[in-house]
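Trainee: Using the hints, position chain B against chain A.
Chain order of the listed sequences is A and B. The opening residue of the first sequence carries number 1 in my numbering; numbering runs sequentially from there. The opening residue of the second sequence carries number 1 in my numbering; numbering runs sequentially from there.
Hint data in this document are derived by calculation from the structure and do not stem from the laboratory. These numbers come from a predicted model, not from an experiment. Built from N, CA and C at the ideal position, the CB exists for glycine as well. One or more hints might be untrue.
Derived DSBU-like pairs: lysine-lysine, alpha-carbon spacing no greater than 35 Å straight-line [stated by the list, open to error]: (1) K331/A / K19/B; (2) K19/B / K73/B; (3) K73/B / K43/A; (4) K73/B / K331/A; (5) K43/A / K331/A; (6) K19/B / K43/A.
Computed Cβ-Cβ distance ranges for the label pairs, DEER-style [said to hold, decoys possible]: (7) E42/B / A172/A: 17 to 27 Å; (8) L52/B / T211/A: 57 to 67 Å; (9) A177/A / E39/B: 14 to 24 Å.
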Amino acid sequence: MVVGASLAGMTAAQSMRWSGHQGELVVVGAERHLPYDRPPLSKGYLTGAVDEARLTLRSATEALGITWWLGRRAERLDPSSAGGGVLTLDDGSVLEADGIVLATGARARALPGSGDLAGVGTLRSRNDADGLRDALASGPGRMVVIGFGFIGAEVAATARTAGWEVALVEAAPQPMARVLGSDAGMAVAELHRSHGVEVHLGTMVDHLVATGGRVSGVALSGGQVIECSQVVVGIGAVPETEWLRSSGLGLGDGVIADETLLVAPGVVAAGDVARWPHPRLGGSTIRLEQWDNAVEMGGYAGKRLLAWAVAEPVEPFGPVPWFWSDQYDRKMQLAGVATDRTEIVQGSFEEQRVVQLQLDESGAVAGAFCWNRPRQAIMARQLIAEDVDLETARGRLG
Amino acid sequence: MVGTDIAGPARAPRRQQMKVVVDFDLCESNAVCMGIAPEVFEVRDDDFLYVLNDEPPAELQATVREAADRCPKQAISLVGD
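The shape of chain A in the complex, shown without the other chains (with noise of 0.2 Å):
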């Protein structure tokens, strides 16, 4: 039994029906929708380039022989002490599986005080890219994206192309630099500005303002207000684990797994929800929201259930993480993770395509950032994945 019917659930139900189970496969999800493609929902599902067919993941139309509960919020979990355990559901359906797979994502975080504004909205399901896309077809308006992340920066060059005016607000002085470092968050800052964006970083929104139950303004801690008529809150995502608590298993910003995914006998973790100690940070552990994760982890936690059912030892779960985003007509892809010691290997952040390793106390390499430069973003995740030493990466990156 999956729960979550999510990226990192379908592949795992997809794994499992090809690792070969041949039993009953149940995936459960809170939303109606068939399992989806999440990163067009901040770019072409907005625009109506990409529509609900295409959004619809190709493994859940596939004949895998599934049941499906879904527009059913899990509730409850009892994990049993023989393996899986007993799932409530919120119209008090209960299931019973000898082998569950954990993969409920993460809703976005709102924005204390916002109540519910009309014209204010997060970005995370299709319900909220839905509302979002007919928003932005009424326009073009002035919207304010708080939080320059990746979602938020994907929304502001989504609409700014769709001839908006944004303003983007980050409380950070430099965005996205945990993740990209801190060129790479300054060069897409640069980005959006020349394109117009109007770029406050270092500014904490204090309140809204609202005209008549609809926001009209984003009152920024200087006391500037920025008038709009649209405000996309992209300012992270929490796990969803509140509905394990009784659960017994171990929680903390996710839900806890070992090395291979295990969180309890029978029970495994995938995708936005799971957090586990990644092989590659000597035992502190991670979490990680990404898509080709949730593919890695899904594909994984499948086998790995069949595993332990017939107690076969595996190999941990450790892949090189890799990302990407696309901004305007950039692409960025970060392999491994970024440091703060860096060395450009190829092109420049003037030009906008560049290679940078990023590498750790040691001087190994750790990451590689690459702006419009997938064939390299791609052979330095091998690279990492390989330890190769920073001679050798210069060589085949360079």
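Mentor: Coordinates of chain B only, in the frame set by chain A:
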């Protein structure tokens, strides 16, 4: 202790023939396919994807299927598979 390598989804058993078709309107040159099956997919320095062999031999088909499944844009179709 030696464990089983279970990274990546397992492959479903399928038929022999396969033709690789890329929808270039969807392809974003993320180069994931090249990372998995470099014998068949290559993203060059012009940022475009080139299919090096659109009828891959049997021994490459499993990795080509993985590349198609892992494409973030689901832009790769395998005809006759």
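Trainee: Looking back at the hints listed earlier, which ones does the structure fail to meet?
Mentor: Hints 7, 9 are the ones this structure does not satisfy, whereas the remaining hints hold.
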